[in-house]
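Protein chains in written order, with the numbering used here: chain A, 18 to 167; chain B, 6 to 493.
If you're looking for bench data, these hints aren't it; they were derived computationally from the structure.
Each residue gets a CB set at the ideal place from its N, CA and C atoms; glycine is no exception.
It is possible that some hints are incorrect.
What the hints assert, rightly or not - Ranges of calculated distance between the beta carbons of each label pair, as one might list FRET restraints:
(1) A:P53 - B:P162: 44 to 50 Å
(2) B:L394 - A:S156: 56 to 62 Å
(3) A:I107 - B:L394: 49 to 55 Å
Stated by the list, open to error - Facing chain A, a subset of chain B residues (Cβ under 8 Å, in silico):
(4) I23
(5) S24
(6) S48
(7) Y66
(8) S69
(9) Y279
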Amino acid sequence: MIRPHDSIIVQSLGRFLIPVIQIFGLYVLFFGQYGPGGGFVGGVILGTSMILSVLTFGHDATRSQIAKKVLHGDGVGMLIYAGVGGLCMIGGGEFLNYAHLEIPGLEVAARRSLGIVLTQIGVAIDVAVTAVSIVFSLSAEEIIEDVTNG
Amino acid sequence: MRQHLPALLFLLPLFAAISMPLVCLKHRGWSRPIAVTVLSIMSVLSIINLISIIQDGEVRYAFSGWGPLLGIEWVADVLASVILVALSLLGLMTLIFAGSTAPKNLGGRIVHFYTLILLLVAALTGIVFAGDLFNLFVFLEVAALSSYALVGVAGGPALFAAFRYLVLGTLGASLYLLGVSYFYAASGTLNMVDMAERLPHLLTSKAVVGGLLFMFIGLGIKMALVPFHAWLPDAYTHAPESVSPILASLVTKVALLGWVRIIFWVLGAKVIVYDIPVLLLVGILGTLAAVIGAVLALKQQNIKMMFAYGGISHIGIILIGVSQGNQTGFVGGIFYLLNDAFMQATLFFWAGIAMCHYGVQTIADMKRVKQAPWVTGALVIAALGMVGLPPTGGFFGKWYIMLGALEANNYLAVGAVLLSTLLTLAYFVRLFEGIFFPEPTQSDMRHHDIPFSLKLSLGVTSTAIMILGLLSDPIVRLLLAQALPPGL
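Okay, chain A solo, but in the shape it has when bound (with noise of 0.2 Å):
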């Protein structure tokens, strides 16, 4: 059981500093195809902005429902990353080989670069469902007990 923090200094920095923290996941997710970031670091900073979340609202806010319902996304994740991968198998390439991503009108670069940011979209998801999941079972038991038995 998480309670919101009574301190109205961590509230309104918490309120603005969630969005902050989940643009710049997402800029860390995008860059990555050129850069250093990518699907895991992305997903571990858009995780900790859910886990603020928690941290200062409680898990019972309506503020902190998204990661209540983000716990089932490991499978959304996982089959973006298997979707992709088999797409470029039936195009006739190995597994996530991007080069055989039949996409009319895009070049292989261009196929390559779709390739890898879905993929890390993917990931993202997963490391940031797994981040927040750790989060919950280690604090709130039955948070976890309620949302596997529906």
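For chain A, the structure is supplied; the task is to place chain B on it using the hints.
What follows is chain B alone, placed relative to chain A:
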């Protein structure tokens, strides 16, 4: 299509496992049909894969299209494909068996239970196919993590066993990783084929010798070789009935297969490190394991404990076979590994049925199963296989192992196999004594009809022991022709 099969065989259970919590969010009951369907498809695909690899040669699959030195390589040769057929069939049988023996108090976690079993199968597939040392570590770790969770899934005393398994297993994985990093530092590559080319010039390097030692100890813990076996009996005894068959039949054997890959495909069969042949060391440890495991099995009262120690002694026998340094012994060892997977599965299926339906835990309770002749019959077949009597695969495995040892003039190994056989006979005699000549006590018969799924899984695995014996000649000839490591 043919070249994609090895990748598909791995991706199918992996992605089924990971998407299962999402798919079964609202419908918990879907988890078992999905898992059974996935592993049925996998079994069919693995048989198709084996046939295609026997006919057209091995497949090397580079994920993402990156070449073997940069990317992740999958090596599907005959050895891997044969083991994979056994792996997927046994995984399927375990799932069928798990239907009515799955722990009752799981509730919503039943989805996680099937997820973990699929994840375990995927990870074992990864170990079998991995073409580089680091991915071998990754999949060893995934397999181990799902096994810890599966052992402890029902709670109670199993949690303690699972924790002990976790501590020792993590130690083993860390040592293996340390060994891999030493190898990488010395040779600059992780790919097995590439490393096999570079290592012969590096065998005097202390990094390689140390790395080899760490890898061996790490994998020794994973395969429960005798000085490092302490985690196994407790974990397998306290694990839920539906879990111990897959752990006992596959996890240790696949770790052993990883070690066989490293000795024969990376180091080379005839490798001598500082005047000590590696195979000689492996053979000595195998000899010890074969005898000590059987002695420890003989003094157990709990039947699952007895079967678990029997498995430890059989790991030793397989190591004796592969370490003889000739073709006969190697093929005998691999063939015995296949048989042992099916025998261990049969024994733990049997123990599960005896436990769930007759309340049998120790030898003193054994008389209760006398009322079920089919169940006793399955135990007789498994016992014939474990002892090594002719119509079963166990006999032919031991036969080729002993022929190999005689060919190498290694009479100590022959003696160890014979002694272990006699001890195995002794502890099975104790079991049958418990069934047929019970000490007179009051009988509290609890008779339930055994569900068809349990009969099916026990029947298939015990029949497989006989079929492996009857088909031993073609299988051994296939292994001799196509599955031998280079330079043996």
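Lying within 49 to 55 Å: is that true of the beta-carbon distance A:I107 to B:L394?
51 Å, holds
Can the hint on B:I23 be confirmed by a CB-to-CB distance to chain A that is less than 8 Å?
4 Å, holds
Does the interface hint hold: is B:S69 within less than 8 Å of chain A, judged Cβ to Cβ?
This interface hint holds because 4 Å falls under the 8 Å limit.
Evaluate the given range 56 to 62 Å for the C-beta pair formed by B:L394 and A:S156.
58 Å, holds
Taking the Cβ atom of A:P53 and the Cβ atom of B:P162, is their distance within the range 44 to 50 Å?
48 Å, holds
With 8 Å as the cut and Cβ atoms as the points, is B:S24 at the interface with chain A?
Constraint on B:S24 satisfied, holds at 5 Å.
Going by Cβ atoms only, is B:Y66 closer than 8 Å to chain A?
7 Å, holds
Chain A contact restraint on B:Y279 - CB to CB distance below 8 Å:
41 Å, violated
Proposed interface contact between B:S48 and chain A, which counts if any beta carbon pair is under 8 Å:
21 Å, violated
Consistency with the previously given hints fails for numbers 6, 9, ordered from lowest to highest.
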